[in-house]
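Based on the sequences and whatever the hints tell you, model everything.
2 protein chains.
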Amino acid sequence: MKIINTTDSNFKEEFENILARAKTDIKGVSAIVTNIIDEIVEKGNGAIKEHILKFDKWEVKQDSDLEISVEQMKKAYENIDEKLKKSLHIAYDRIKTYHEKQLPKSWIDFEKNGSILGQKVSAVDRAGLYIPGGKAAYPSSLLMNAIPAIVAGVEEIVVCTPTPNDEINELLLAACHICGIKKAFKVGGASAIAAMAYGTQTIPKVDVITGPGNIFVATAKKLVFGEVNIDMIAGPSEIGILSDASANPRFLAIDLLSQAEHDEMASSIMITTCDKVAELTSIEVDRFLETLSRREIAKKSIDDRGAIIIASDMQEAIKLMNEIAPEHLEIMTNNAFELLPKIKHAGAIFLGKNTPEPIGDYIAGPNHTLPTGSTAKFYSPLNVENFLKKSSIISFSQEAIDELGEACALLADTEGLTAHAKSVRVRLEK
Amino acid sequence: MKIINTTDSNFKEEFENILARAKTDIKGVSAIVTNIIDEIVEKGNGAIKEHILKFDKWEVKQDSDLEISVEQMKKAYENIDEKLKKSLHIAYDRIKTYHEKQLPKSWIDFEKNGSILGQKVSAVDRAGLYIPGGKAAYPSSLLMNAIPAIVAGVEEIVVCTPTPNDEINELLLAACHICGIKKAFKVGGASAIAAMAYGTQTIPKVDVITGPGNIFVATAKKLVFGEVNIDMIAGPSEIGILSDASANPRFLAIDLLSQAEHDEMASSIMITTCDKVAELTSIEVDRFLETLSRREIAKKSIDDRGAIIIASDMQEAIKLMNEIAPEHLEIMTNNAFELLPKIKHAGAIFLGKNTPEPIGDYIAGPNHTLPTGSTAKFYSPLNVENFLKKSSIISFSQEAIDELGEACALLADTEGLTAHAKSVRVRLEK
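Protein chains in written order, with my numbering: chain A, 177 to 606; chain W, 177 to 606.
Wrong hints could be hidden among the right ones.
Same chains, same names: a pair is fine if it fits in one copy or spans any two.
[Said to hold, decoys possible] Straight-line alpha carbon distances no greater than 27 Å define the calculated DSSO-like cross-link-like pairs of lysine-lysine that follow: (1) 520 x 398; (2) 277 x 520; (3) 495 x 358; (4) 296 x 237; (5) 203 x 219; (6) 272 x 219.
FYI, nobody ran anything at the bench for these hints, they're computed from the structure.
In structure tokens form, the structure reads like this:
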């Protein structure tokens, strides 16, 4: 694995490459995706059928073929291995408990002059969850997207997932059963996003669309943003690790590889203050690589997009990591919590030697849908707020408007809005 | 003003027209705006200079001409009328107090097995506020956008506003002074949005862009979404009023007009359970219209996009209003608070006869930047969260990973991710 040093003469250039890791250019697919969306808007289910025949290679004979029944989900659930069932339930319970702590409350507050100000929090009516299918059909994605919507109190949850050759992952179905999903459709890609954004004869129009996907899905989400809300536009997965001399190179190596195995485009970066840890980790990466089922993917990711950076001290290491703003950040030092105040940007932060990133993918509780490509500088992990919206509450008493009305009308006057001013002043007439 | 009844044979059609009120089609301007953005990305300040010469009709001789100095802001503040100054300070203080109540805290929570889970809340590094200029230069827009960013703790706030003919609104400058704005630029339209999203030689790249604007600004915000975060995509202003027989038709009329005077595209809809209130309000609208400085705009808005709907009861009225999901909702009934639980979608809710909507535009405290065109179904008012982002915190103890590690690894196994599973199992080795 490539080791670079912040004192290298070409470090700045190397680091720029790391920062540019995930500049996915959506322009190339924008025209195609716009077309797909237009077709769905125009023809609804008719377009979906064409897209499924073309991309997923099966024929939809009637609209009801698009639906996945709750019986199918229940059966899949009943058929899975007991140990796995238990693991899914542990995951479900822990994810739910964590997200319940995120739930904000409506509030009101009172002023002496009798005015009441507040904020009403309510769930969106309908949420659409996009879950990738085929070889990348992850039941954990379903849990991580459905549970915040459930906790938020969304009344109608719609799931779309592609089913290449009309085959569907049984574990995904089992996860749907655990989450109590009532409406799920065998539709994927940009078609699914468009269908949920605009509605078709079969698929309801939703208010919010969340979930991971390839560049076509990401582009479609961006294009329908405004018609519906979306969670974020995410790219390939990534990990950043901060480590010092106390860290175990075997742990560091396998954690780097756990991101690398996702995708050739995934990026695994460690910044360490210890030369020796850098060197040993690199050796361990090579060793572990041999044992992985997805070694080709992991190797290409590590070779093309992986790096170990040796920093002169932890302050420099943190500064660089904040610039990277990684999706996942592991702090593998013997004072992990003490560094937390200095961490400005990261999707999820894993502290200490017993917290490998995959713990967060499945079972810890926090969401695994996280901002990538430095967007942790402004996006948050998927959370209950993605399925909520707020309304301001304002109630003025006669005393309050008597006290504040003229100041308000004056501001309206200066903006040249006479009806605004008048609407206040008619309330001041005695 | 047009009065329709839910029992009219063509009501459904009429109501569909109301719902379709604000379908602004951005496709028409998408190509133009994409071009503007590309020019800014490629040429930076050079492109800004060209755009200013073309649209704002003045010549930027050097980069520093783009900047508005803090001295200029201070001077403008010192020159304004004392009463107006006081009003601006009242508004500033009340808006700040309200938004401080929105500020979420970082939190952590502990489990018996020694694991620690939490959520770190932090401000974005840089926020960009877009404030429309020229005749629509509203100091209140500056307060409403800057204060949530200030309360969130954003370190660097950048303001962009167009200055047609190199003229700038003195009140806007005064508001900048009150908010302690340090960086402001005389750049407008899609150029400003692109400059803040990508950065130029003079204008810093920001993390979040908020603020109102015309269709070019709205389209640019949509196109840069993902490169930065944005607040929402907003269209023309609108009001919905629920009223019963207890409501004062004069109040209702002037409140409807206070939206109508914004824009010919603005929409003012009242749904009432009382025929007589409908009729009297319509008469009062005509009377007040004569007195308004912006009567041409208001009249066109009322004629083309205004309506009074007579509903058979309050339940039906509320159902229709939830479908409209208005930006501003006034509840002018004698039991306003009791209706609040049934209100599902609205940007801001104004309760009772003493709470005209303009109170919320200037001085009540809640934000006046609100979702329009039914997007209150999924967007929230501008608030401090727009300037914050969250990071999940996860720390597992040896006991926690011993307890949960195998369930986690099993889920990774089923997803075919062997490095994920291994990264957990190496921690279980004794």
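Do the hints match the structure? See the list:
1. Proximity of residue 520 to residue 398 under the C-alpha cut-off of 27 Å is found in both arrangements, the shortest distances being 26 Å within a copy and 26 Å between copies.
2. Proximity of residue 277 and residue 520 under a CA criterion of 27 Å is satisfied in both settings, with 22 Å inside one chain copy and 23 Å between copies.
3. Taking the closest pair of Cα atoms, residue 495 and residue 358 come within 27 Å of each other only across two copies (25 Å); inside a single copy the shortest separation is 47 Å, beyond that limit.
4. Proximity of residue 296 and residue 237 under a CA criterion of 27 Å is satisfied in neither setting, with 45 Å inside one chain copy and 50 Å between copies.
5. Taking identical chains as interchangeable, the C-alpha atoms of residue 203 and residue 219 lie at most 27 Å apart whether they share a chain (25 Å) or sit on different chains (19 Å).
6. For the identical chains of this complex, residue 272 and residue 219 are neighbours neither inside a copy (38 Å) nor across copies (49 Å), given an alpha-carbon limit of 27 Å.
Of the hints listed earlier, those the structure fails to meet are numbers 4 and 6, in rising order.
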